[in-house]
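Undergrad: Residue strings, one per chain:
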Amino acid sequence: MSLIKVTIDNIEVEVEAGTTILNAARQIGGSVVPPAMCYYSKLEGSGGYCRTCLVKVAQGSAKDPRPMPKLVPSCRTTVQDGMVVQNITSPEVMENRRAITEFLLINHPLDCPVCDQAGECHLQDLSYAHGLDETQTVEERRTFEPIDIGDKIKLNMNRCILCYRCVKVADQITDHRVHGVLGRGDHSEISTHILKAIDNDFSGNMIDVCPVGALTDKTFRFKSRVWFTKPFDAHRECPTCSGKTAIWMKGEEILRVTGRKDKYGEVEEFICNDCRFNHKEIKDWIVEGPRTIERHSVISQNHYQK
Amino acid sequence: MQALTNRSKVVSDKKMTFIEWIYIPAILKGMSITLRHFFKKKATISYPEQKREFSQVYRGQHVLKRDEEGRERCTACGLCAVACPAEAITMVAAERKPGEEHLYREEKYASIYEINMLRCIFCGDCEEACPKEAIFLTDRIVASEYKRAPFIYGKDILVEPLDLNLRVDVSARQTENVLKFKQNKRFAHNK
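Residue numbers (my numbering), protein chains in the order written: chain Z, 1 to 306; chain S, 1 to 191.
It should be emphasised that the hints constitute simulated quantities derived from the structure, not laboratory data. Predicted, not measured: the structure shown is a model, and the values here were computed from it. Worth double-checking, as some hints may not be accurate.
As the list claims (entries may be wrong) - Okay, derived cross-link-like pairs now, SDA-like style, lysine to any residue, Cα gap no bigger than 20 Å in a straight line:
#1 K250/Z to Q56/S
#2 K154/Z to R96/S
#3 K250/Z to A94/S
#4 K250/Z to A83/S
#5 K180/S to E134/Z
#6 K218/Z to E95/S
#7 K180/S to T19/Z
#8 K182/S to T135/Z
#9 K250/Z to E107/S
#10 K230/Z to T90/S
#11 K182/S to E134/Z
#12 K155/S to F222/Z
#13 K218/Z to E114/S
#14 K244/Z to E114/S
#15 K152/Z to G60/S
#16 K182/S to P146/Z
#17 K230/Z to A83/S
#18 K223/Z to K180/S
#19 K97/S to T135/Z
#20 K182/S to P109/Z
#21 K218/Z to V92/S
#22 K97/S to Q136/Z
#23 K250/Z to V168/S
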């Protein structure tokens, strides 16, 4: 297949036709990669909801060098030959990203001290990097009555940013989906139709894909803050999934089992619920070694590595 | 070698003169210095009876505050423990059960909260890190003990009493400027 040239933030890269701007940026890597709250490379059709990855296209293509009139979502826009994209070099994009972050936070409760996702929350990172440090709104935040979606997964709808990732997981990874987005507009919420427990071999992956603390592990609920636990790569013989996981340990205790997340917070392989929820003994696992943690992550606090 | 200061004296083993040899002038000189100290102002005080004036922001024993309704403010977020340079703070969180709303302010609370007072260096970083205005350092002095074990302070010592009259006053640490600053709507979530 022929490669096409695209320039992102003055860095030229050659990618296959049909690649999105976001994935082209990921091939460059580093700080030119737009943040993504809803796009998930392992889930088909994800992206396009959160608008955090909006970028400016200064030149549409070599044939038609006109700029695109509005900022475009980089996760849904495919590259064209000779396209010139501005991400962090455009003040317009950065200003817009700040505004989008503010929009995402309008109804997001400020309960990070309570939330189990704190420390590995993408919205926390995004608002730390792009958001304002104070709120401009005085209105009441939207709240939902808590609903029970089963004994393994905790749903806190107030924290949800409607990224649809968990819906895509249920559609693509599990046999049948029992939850979805109900309601419209401001009233949209993740819910099961007529209170039903989400029970499926792979439903636990909803926890991993959730960028915020809306879906969290009930077996890990309030056990520890993530930065007091240390992640290790581990595997086991599993008949249903690859069995390759990350175990989060505090001392000799396994507090939590998750998929192995890469630098974009996406799991390498989806794991089954049996591995995730039922194997919390050290003898269940073959530990490969500590995972590398980004130095600036709060999880690296108090962990001494070579 | 060159001397670093001019106060150093070169030691010699030369023979003492008669005056030096009888030692009496040297003894008298030393005694006069000792006697002079009898009439000087004492540097010490008799502590439990007399107390020194403390700075208003003295960093002594910690307190875990309750809010106006007597609910514990601490939500076991772990920020004090991660901010602590001496790693003196440990905690175990628990979920608030229905019917405990009058005891704990948030959904989550600290069921165990321990500060190792032997490790604590009273830097006040925990106070600064706390997003819920739960932990404060006070002007109380940590009592001395004979054993090491009692220095691990649990919630029984740290949480202030429910009785309004026995509450620990930390208003001096929150000056008018601080309180005015907190009127800002960005702290509205912390009411």
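Undergrad: All the hints need checking, so say for each whether the structure fits it.
TA: Hint by hint, here is what the structure shows:
{"no.": "1", "hint": "K250/Z to Q56/S", "result": "39 Å, violated"}
{"no.": "2", "hint": "K154/Z to R96/S", "result": "15 Å, holds"}
{"no.": "3", "hint": "K250/Z to A94/S", "result": "17 Å, holds"}
{"no.": "4", "hint": "K250/Z to A83/S", "result": "18 Å, holds"}
{"no.": "5", "hint": "K180/S to E134/Z", "result": "16 Å, holds"}
{"no.": "6", "hint": "K218/Z to E95/S", "result": "11 Å, holds"}
{"no.": "7", "hint": "K180/S to T19/Z", "result": "53 Å, violated"}
{"no.": "8", "hint": "K182/S to T135/Z", "result": "14 Å, holds"}
{"no.": "9", "hint": "K250/Z to E107/S", "result": "23 Å, violated"}
{"no.": "10", "hint": "K230/Z to T90/S", "result": "16 Å, holds"}
{"no.": "11", "hint": "K182/S to E134/Z", "result": "12 Å, holds"}
{"no.": "12", "hint": "K155/S to F222/Z", "result": "18 Å, holds"}
{"no.": "13", "hint": "K218/Z to E114/S", "result": "25 Å, violated"}
{"no.": "14", "hint": "K244/Z to E114/S", "result": "36 Å, violated"}
{"no.": "15", "hint": "K152/Z to G60/S", "result": "44 Å, violated"}
{"no.": "16", "hint": "K182/S to P146/Z", "result": "31 Å, violated"}
{"no.": "17", "hint": "K230/Z to A83/S", "result": "17 Å, holds"}
{"no.": "18", "hint": "K223/Z to K180/S", "result": "36 Å, violated"}
{"no.": "19", "hint": "K97/S to T135/Z", "result": "31 Å, violated"}
{"no.": "20", "hint": "K182/S to P109/Z", "result": "19 Å, holds"}
{"no.": "21", "hint": "K218/Z to V92/S", "result": "16 Å, holds"}
{"no.": "22", "hint": "K97/S to Q136/Z", "result": "33 Å, violated"}
{"no.": "23", "hint": "K250/Z to V168/S", "result": "34 Å, violated"}
Hints 1, 7, 9, 13, 14, 15, 16, 18, 19, 22 and 23 from the earlier list are contradicted by this structure; the remaining hints agree with it.
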